[in-house]
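> Listed here are the chains, written in short residue letters.
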Amino acid sequence: MAPDRFRVHAGQPADEAALRDSARPPAWRNPEPAGTYDFVILGAGPAGLLAARGAATLGRKVALIERNLLGGNCLNVGCVPSKALISSTRLYARMREAQVLGVPRPEHIRIDVADGMQRIRHLQARLGRADSALRLREHGVDVYFGAARFAGPTQVTVAGAVLRFKKALIATGSRPMTPEIPGLIEAGYWTNENVFDLNAVPPRLLVIGGGPLGCELAQAFCRLGSQVIIAQDDPMFLAGEERDAAQILSDALARDGLEIHLNTQVVAVRRQGEQKVVDLVSDDSKTQVVVDEILAGIGRAPNVADMDLEAARVEYDATAGVHVNDFLQTTNPRIYAAGDVCLERKFTHMADATARIVLRNALLRGRRRLSALTVPWCTYTDPEIAHVGLYVREAREQAIPVKTFTVLMHDVDRAVTDGDEDGFLKIHVKDGSDEILGATIVARHAGEMINELSLAITEGIGLGQLGRVIHAYPTQADAIKMAADAYYRARLKDAGGYK
Amino acid sequence: MNAAIESDEALLERFQCAAFNYFLEHCNAANGLIADTSRAGAPASIAVVGFALACYPVAVERGWMARAQAAARTLATLRFFWRSEQSEESTATGYQGFYYHFLDMQSGRRVWQSELSLIDSTLLLAGMLTASVYFNAATAVEEEVRELAAALYTRVHWQWAQGGGATVRQGWKPESGFFHYGWEGYSEATMLYVLGLASPTYPLSPASYGAWTATYQWENIYDCEYLYAGPLFIHQFSHAWIDFAGIRDEFMREKDSDYFQNSCRATYMQREFAQRNPHDFKGYGAQCWGLSANDGPGVRTVIIDKTERRFFGYAARGIPYGPDDGTLAPCAALASLPFAPQIVLPALRALCERYPDITQSSRLPGAFNPTLPGDGPQGWVSDGYFGLDQGIIVLMIENHRSRLIWNLMRRCPHMVTGLRRAGFSGGWLDLR
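Protein sequences, first through last, are from chains A and B. If you're matching positions, the first sequence starts at 1 in our numbering and goes up one per residue. If you're matching positions, the second sequence starts at 1 in our numbering and goes up one per residue.
Just so you know, the hints here were simulated from the structure itself, not pulled from any lab data. Glycine included, each C-beta is placed from N, C-alpha and C at the ideal position. Hints are not guaranteed to be accurate.
To be verified - Pulled a few chain B residues facing chain A out of the computed Cβ check, cut under 8 Å:
#, residue
1, Ala214
2, Glu219
3, Arg253
Turn these sequences into a full structure, and let the hints guide you.
Right, dumping it as structure tokens:
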């Protein structure tokens, strides 16, 4: 039976067929397993694909098993479609605020959601080509489609075949968590797994959850013309993020026209004709909203079910996923895990990074550690919010004295000329040194800017050294140079050489 | 009055006295409650009552009020709070020794379903403790003032306010319990911790202050290093009672600074932001600055000079991250007087010169916004007056002029104990 992804669409058949042919060719026949595999991988998302290609490149006999579609969440229902949608909606927003750049606002901005969604499907088809089943086979990877189950500590079954392995990798990813709200399932709701199949936006949409996914999609749908209400149970968006960043995001969402309910819980949903009536509670205040659709974005849960992990002596739980040590080994030392299924931070780049660790540790006798990674991340709202390294509170909890060098985007020439003045760059250094502990950036292109700081932390490059790097002018990343300049001025001041 | 030819002392006396008169004009003398604002039907605010209690000694010393009258009014206030209902009932006046943020002016019972506010209760208690130090005469009235203030302070259950957490919660409601968030980042809560730690009955856990200060951020912004907090009032409220000059906790020892110096820097930062004026608001400049928590024009979007401007209602405006809608807080700017008289006095004179409509009564409005057109260059002006604004003006002008409140509170054993338990040392604390 074809996966759901291919049954709900109204796009161009060519793109649908191309994506299907890449991600799960209809006529695909699983190979016949021959002998013991060096490496069996469960899950063909970003971690599984990278590991499969890497193992094949190393000359290992490798099998890759996918229950659904090659590409995993990222390509099919995650980063690729959401960022494509966000790019389209940013342009709509830019058109509406054209006057900021001295350009007359277009008299009529026609929003075509179907075209936007078709573009997404086209991009998916195009990007999916790189890791198509055929190309993987050509690369030496045995690709199996079907549900994988462990039949013991060294074997897996799939579609009737038994695959024996020396080493294995569990990279089965994650799925959207279902909010436990009475009436929600009966009333129906969307997640990121089906929201990109739309060809029209609902007039009124409730987004449950103010984390990255909820905020990104809430803003995107608002910009597509939906009247969006967002309910977040914490007192600020992006729990755990820098408070000022969350405040700027809150202001930005309000400016877009979202109705924001922070510190608010959704307690009940019921269908009333074509509408959905939702009860909200904030402390002692109860309100009711009526919407056409509901989108749940409260986080993701690891895919650990239906694999008979017990048979492989792999410990796990439904919240944290597969239990791994710092080398990403499960409780069965032959079996490793990577990506969403075992990580708290469920990012595609973490899936990539952990798959590399597993390749090294499982196949090359490496001793790479998860804890040694420097992990940046970004929420792709407008402005974007990116972070890497420690937050100030984390550093202070470790008794590390911290000083923060802050540059406001309204002081960055390129941000001013681009009309992108909302936001800031904060670089946290160990007080008394230029060692970069962490950084937060709120800017339209924060996701691009954070990588320089990620490099600096990874390679031990201090803020002072960054100041010696010539940054192209004018760029928004010049903010990093400005922070470094501020560091030097502060040092001179401390030394009494500057007043 | 012509501010241009007035001496600094006369100018300050005029604005300070006008601010104090708010407490006479908007008081229920029977129970001592003071209205939150001068607007019709406004309830009492317990924080404003706290400011009023601290202002009465100022009024006595300045000759605006007889000592007996001030003591009597203080006693009426303390008696009311002592006798008011403390229970889980939704219409009580308080619970666990704390009080609801807003009370009915006549009955003193909770209104607006307001929260049991820990910070506003702290401001109320600070006023009570000020009175207990100032009214030190061996008269029946003043003795009762001291007894009641001590009793009201010692019955506060600070430990309960932690709600089982590491730090103090922000509030509680009988309908829904504790707010599920606490204080994060530097704020006006320093005095809350100081008074909570000093309690002889139900003190905050010793680790609570450290847990809170762990959320501080020391930032270098515009080449100025300071303990960041956006709205100006945060750098003022605890300082109205505590002289932080020269005393340091662990955080400030690490940064080789103190909270007084920090408020100086925060004040200069406000001016710096106004000079940069990144959003091109009218009026902002070297002599017109000050973003704080205050009234605003209301939530609306208006096209002004081809630019779309969004305005807010009552909000904690701050620099440099905002929100900033062009609304200025003249009271907050004036309340920074002890920290930076060199820039505050010129700002007050400039305000008088540029905006006579809002300064001629000598009582400053809660906010104005020259960007949003109104009846004059001041643009939109907040309706009426806010008690908190008037209270902080009276106390901070007095601290600048005579250090009265600071000196009184140095003699308050609870304040001193709390500072020491929070890890403060040095300066005047070591001289005691």
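> Looking back at the hints listed earlier, which ones does the structure fail to meet?
3
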